[in-house]
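Chain residues, written in single-letter form:
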Amino acid sequence: MFGAGGGTSSYREVEETDLLILWGSNARETHPIFFHHVLKAVHRGASLHVIDPRRTGSAQWADTWLGLDVGTDIALANTIGREIIQAGLANEAFIKRATTGFAEYRASVEPWTLQEGERVTGLPARTIRELAHAYARAERAILCWTLGITEHVTAVDNVLSLINLALLTGHVGRYGSGLNPLRGQNNVQGGGDMGAIPNKLPGFQDVQDDHTARARFGAAWGCTIPPQRGWHLTQMFEAMERGELRTLYVLGENPAQSEADSKKSLESLESLDFLVAQDILMTKTCEMADVVLPSSASWCEAEGGTVTNSERRVQRMHKALDPPGLARDDNWIIGELARRLGHDWGHPTVEEVWDELRSLSPMHRGMSYPRLEELGGIQWPCPSEDHPGSLFLHGRLWEEPIQGAPAPFSVTPWAPPIDELNDEFPIRLTTGRRLDSYNTGVQSNLYSSPLRRGETLDLSPEDAVTLDVEPGELVQVSSRRGAIEAPVRIDPGLRSGLAFMTMHFPDDIDVNVLTTDASDPKAGTAEFKATAVRVEKVNGRRRESAGVASGEAGD
Amino acid sequence: MDVHLLDAEPATAERDAVDAFLGPPLSSWVGADRVDDEHSAHGGHSARAERHQLLPTLHALHEHVGWISPGGLNYIARRLTIPPADVYGVATFYGLFSLAPQAPRVLHVCDDIVCRCAGSEALIATLTEQIGPPGTERDGSTWLPSPCLGQCDVAPAALVIESGEAPVARELTSVHSDGLLAVMAGATLPPHRSAVPPQAGQPGLRLLRRIGMADPESLDDYRAHGGYAALRRGFDLGPEGVIREVLDSKLMGRGGAAFPTGRKWDAVAHQPRRPHYLVCNADESEPGTFKDRVILEGDPFSLLESMTIAAYATGCEHGYIYLRGEYPLAQRRLEHAIERARERGFLGENILSRDFSFDIELRKGAGAYICGEETAVFGSIEGYRGEPRNKPPFPVQRGLFGQPTVVNNVETLVNTLAIVLEGGAAFASIGTERSTGPKLFCVSGAVEHPGTYEVPFGATVRELLELAGGLPAGSSLRAILLGGAAGCFIAPKDLDLPLTFEDTRASGATLGSGVVVAIDQEVDLGGLLAIIAAFMRDESCGQCVPCRVGTVRQEEAIARLMSGRTRGTVQDELALIAEIGAAMRDASICGLGQTASSAIESAITRLGVFKGGAVA
Numbered sequence: 001m002f003g004a005g006g007g008t009s010s011y012r013e014v015e016e017t018d019l020l021i022l023w024g025s026n027a028r029e030t031h032p033i034f035f036h037h038v039l040k041a042v043h044r045g046a047s048l049h050v051i052d053p054r055r056t057g058s059a060q061w062a063d064t065w066l067g068l069d070v071g072t073d074i075a076l077a078n079t080i081g082r083e084i085i086q087a088g089l090a091n092e093a094f095i096k097r098a099t100t101g102f103a104e105y106r107a108s109v110e111p112w113t114l115q116e117g118e119r120v121t122g123l124p125a126r127t128i129r130e131l132a133h134a135y136a137r138a139e140r141a142i143l144c145w146t147l148g149i150t151e152h153v154t155a156v157d158n159v160l161s162l163i164n165l166a167l168l169t170g171h172v173g174r175y176g177s178g179l180n181p182l183r184g185q186n187n188v189q190g191g192g193d194m195g196a197i198p199n200k201l202p203g204f205q206d207v208q209d210d211h212t213a214r215a216r217f218g219a220a221w222g223c224t225i226p227p228q229r230g231w232h233l234t235q236m237f238e239a240m241e242r243g244e245l246r247t248l249y250v251l252g253e254n255p256a257q258s259e260a261d262s263k264k265s266l267e268s269l270e271s272l273d274f275l276v277a278q279d280i281l282m283t284k285t286c287e288m289a290d291v292v293l294p295s296s297a298s299w300c301e302a303e304g305g306t307v308t309n310s311e312r313r314v315q316r317m318h319k320a321l322d323p324p325g326l327a328r329d330d331n332w333i334i335g336e337l338a339r340r341l342g343h344d345w346g347h348p349t350v351e352e353v354w355d356e357l358r359s360l361s362p363m364h365r366g367m368s369y370p371r372l373e374e375l376g377g378i379q380w381p382c383p384s385e386d387h388p389g390s391l392f393l394h395g396r397l398w399e400e401p402i403q404g405a406p407a408p409f410s411v412t413p414w415a416p417p418i419d420e421l422n423d424e425f426p427i428r429l430t431t432g433r434r435l436d437s438y439n440t441g442v443q444s445n446l447y448s449s450p451l452r453r454g455e456t457l458d459l460s461p462e463d464a465v466t467l468d469v470e471p472g473e474l475v476q477v478s479s480r481r482g483a484i485e486a487p488v489r490i491d492p493g494l495r496s497g498l499a500f501m502t503m504h505f506p507d508d509i510d511v512n513v514l515t516t517d518a519s520d521p522k523a524g525t526a527e528f529k530a531t532a533v534r535v536e537k538v539n540g541r542r543r544e545s546a547g548v549a550s551g552e553a554g555d
Numbered sequence: 001m002d003v004h005l006l007d008a009e010p011a012t013a014e015r016d017a018v019d020a021f022l023g024p025p026l027s028s029w030v031g032a033d034r035v036d037d038e039h040s041a042h043g044g045h046s047a048r049a050e051r052h053q054l055l056p057t058l059h060a061l062h063e064h065v066g067w068i069s070p071g072g073l074n075y076i077a078r079r080l081t082i083p084p085a086d087v088y089g090v091a092t093f094y095g096l097f098s099l100a101p102q103a104p105r106v107l108h109v110c111d112d113i114v115c116r117c118a119g120s121e122a123l124i125a126t127l128t129e130q131i132g133p134p135g136t137e138r139d140g141s142t143w144l145p146s147p148c149l150g151q152c153d154v155a156p157a158a159l160v161i162e163s164g165e166a167p168v169a170r171e172l173t174s175v176h177s178d179g180l181l182a183v184m185a186g187a188t189l190p191p192h193r194s195a196v197p198p199q200a201g202q203p204g205l206r207l208l209r210r211i212g213m214a215d216p217e218s219l220d221d222y223r224a225h226g227g228y229a230a231l232r233r234g235f236d237l238g239p240e241g242v243i244r245e246v247l248d249s250k251l252m253g254r255g256g257a258a259f260p261t262g263r264k265w266d267a268v269a270h271q272p273r274r275p276h277y278l279v280c281n282a283d284e285s286e287p288g289t290f291k292d293r294v295i296l297e298g299d300p301f302s303l304l305e306s307m308t309i310a311a312y313a314t315g316c317e318h319g320y321i322y323l324r325g326e327y328p329l330a331q332r333r334l335e336h337a338i339e340r341a342r343e344r345g346f347l348g349e350n351i352l353s354r355d356f357s358f359d360i361e362l363r364k365g366a367g368a369y370i371c372g373e374e375t376a377v378f379g380s381i382e383g384y385r386g387e388p389r390n391k392p393p394f395p396v397q398r399g400l401f402g403q404p405t406v407v408n409n410v411e412t413l414v415n416t417l418a419i420v421l422e423g424g425a426a427f428a429s430i431g432t433e434r435s436t437g438p439k440l441f442c443v444s445g446a447v448e449h450p451g452t453y454e455v456p457f458g459a460t461v462r463e464l465l466e467l468a469g470g471l472p473a474g475s476s477l478r479a480i481l482l483g484g485a486a487g488c489f490i491a492p493k494d495l496d497l498p499l500t501f502e503d504t505r506a507s508g509a510t511l512g513s514g515v516v517v518a519i520d521q522e523v524d525l526g527g528l529l530a531i532i533a534a535f536m537r538d539e540s541c542g543q544c545v546p547c548r549v550g551t552v553r554q555e556e557a558i559a560r561l562m563s564g565r566t567r568g569t570v571q572d573e574l575a576l577i578a579e580i581g582a583a584m585r586d587a588s589i590c591g592l593g594q595t596a597s598s599a600i601e602s603a604i605t606r607l608g609v610f611k612g613g614a615v616a
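The listed protein sequences derive, respectively, from chains A and B. So for the first sequence, the working numbering puts the first residue at 1; every next one is plus one. So for the second sequence, the working numbering puts the first residue at 1; every next one is plus one.
Bear in mind the hints are in silico, worked out from the structure with no lab data behind them. For each residue, glycine too, the CB sits at the ideal point set by N, CA and C. There could be a bad hint or two in this list.
Unchecked claim - Here are some, though not all, of the chain A residues that point toward chain B, as calculated from beta-carbon distances under 10 Å:
1. Gly45
2. Leu68
3. Gln228
4. Arg229
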């Protein structure tokens, strides 16, 4: 945030903070390692507050659970912001010295009284007030979020509305106070760091605005870097629909199954002239591809390389096994591809590639391979070889005088989810993940788990009674885009009108037939979290061998 | 929490039993009907702070329903916000809880060391023949063999536990097979009967002076017999004065570990961390031990008074009595005494109008020998499995709920009344230089008058047996077991061993909790060793490897020796037993593992069991 795309706090700070908010995150299941750090804090006495429409496993650890209605996060954040201001708990000294735009923000949240917040979010006013006061009064507080915040059409504003709260209370840039998007995989952060986002060069250097950086990269690579941002994933699919994008090279992704409104996205992929897929496993996307490039598993079969975790720690990896068959390292494949396309880069080692990055990305400059080994990883930014790395970000806001630009408040208007509920589609379906499965199941469905129950439509006990359905019974779930059949599971953590599914078993039940591809105009993230559906009985039919899905076939 | 045990729902009776104890659920997320709280829930630290209610809640369910069903277990998990797997781990830790349907009336028949000497094998044979193997249900009753019930002075003994709307538990003493069969057939249970120690009424007693003389259910009678004089004297001395007297008395703990009590109190009193807790360890489960039961049943107010003094000296506001689950009369007497003391201002706010408040909570165990270990009892009270903790930190630093804690045995605490009244120096003049004061001994087995005897430290085994009337005519002494299953056998030639900490230690024996079991020539010693080995294997909590594995290997070796099918020679087996014992002694976390082989090894070395070949 404020320029650099990474969480501000370290795990150690999470363990030593006084108050933790998990907003739109079921970290206990989806970020289990991070949740261990959370539990250390809890066992030390920190209070935990979980904001999630479902009463999840994480929520059951919480001092307070706030089960807001799906897609009302901004309404809640704005209400909390107004209450903090009204109660005189805003950190005025910090606001004055380190932020801009407070007056506009204050005016924008003025309508968000506790009563209005209660009306929109469904949360009791007193519970909202309690959380507002607890967060503002805490000496240290860390706010974490995940896809419950970002898989909405208002993803960017959702995040900005949370940043507002940290600016309001000064809970950023200090030890034990910060803002942290949790990363779902061991190297999501590293992908962003390396420029695998449409508008940044490696090290979060802007491809449009940062002329110096562009020139530096151009000089190193002997070419001119075009000063235009690229397409993000959603825009790529739009370009495919328009017929503008004709060739796609997919590395380690399975868009054939992971995209919202999957019927439409499959059509798009099928319409391509040429599809190349590079993966460690034969995914659905690979099956569709014209050329499949089998690659080694980078964490155990490839020579070296690094990953970056949620606390911005760059860590070395080491080869333990030889890759099977013809699989080659990603690094080798890319080099060879370049050569055959007429650019012979040779075959540099991963360390040579890394050292080139260090020469171009100031925040990585001090991270030599020997230092990464010696220090057990280094947290960026690390501008020089005598720099220890950075425990937390934005300490500059607390320096006297502050260094760099002040942090801006944002005006974040609330808008309801695109897919409206009505009599025809009265139930709100939200999607997510479970502990023992991983995204579309390409990797995790290969091994068995005693907890994996296959895909189900999770319903509240009340809705199950109203619909007259029993656990295991097959129902039809329809949205404005399509319909699927799924067996019912009853989850007492859901309230009436709220249903839940995962996307772990797309071969079996393709949940993304239901979801909308409406996406945030700035970030391109699709609204996986808010689909309006209708659930209907299918003549009491049960699923054959109820509850057993492809994931358990290996048992 | 989110992991559900088979999605089982509680029956109405189960829900009612739990709610009657915990109060009605306040949120739909913990079991109330859904009302208007579907958007929020409170829990976390405040919910987890109720974890200590787990064991009493399991008791409430078990007492009313007779077993812990998956639905009942799920409901408790939900009410207390504890994962069901965790509740299951706790429920299965305790021998008195059944996780399978069970007849409402359960007869627990002791087949431990002393009862076996008194003929329990024949009782069990009769039950097996007439009713069926353990667990067989007939006419709403079933029977199970039990480890020592602490009724060795009135052996053989049994305990009846009957679940239902008005649950009943009753100890049956000096039982015979007709009586047991009648109970199995649904006979009305006899009233409680508290044993009067043989020395009752004799002058010069300190610990036993009121027992059999004062009504244990009358606070006024207790006061008429000198009760609460010590507390007043304690207030006059002040906290530091009390600790000084206890230090001067050189009182050593009577639970088995013999740690200086004054040093424990002094350490807790000086801990800046607050609050401090006081735990009275009344989980008297060492086979052959019943001395604390005699105090709890016969003079409960003396324990309350001594705990109040201890709390005053060490800065505790809250005390727990952890009572073993097999003592229903002691439970009734203590509950009654606590209520009376509260009514009369001897517990609660501003005791004796002083600026001092203290209250006591009674916690009942559920059949786990290990909970008598001084740190295991903390886990049990806190609602976890009663597993011992590594030391350090010691209980005086981090004990119950992680706070500085005084944990003392019943007899230890009651001694402090005499110390405060007579002065530490006078107390120290009783007994020997290094074992001061009076001591209770549980004399049982082949003697004319088994019972709890109070003697000054220094009496010999021979004197104690004489006090108990000697051996019955026709009996000849084969061995003496000192200290119970975790103790040590001695041979008849050692009868002149003085029973002090220093003398027993010097001779390689142990005083333990004061058990003295006389074993005559009729008893199958090898069989006793097999029971002891089985007991240790059964009661090992399983937390640390040397004990978990060692107790099994030890039992197997004994079984091979008993059957004559040794692996290698008899000498090989005996060497193996010695090696297993050394590993358990060196590497176990707690006293159970460290002493799990001591009685067995002593029988081999001191009595020459197995010497003449495999079969003893």
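Name the hints, by number, that the structure is in violation of.
Of the numbered hints given earlier, those the structure breaks are 3, 4, listed in rising order.
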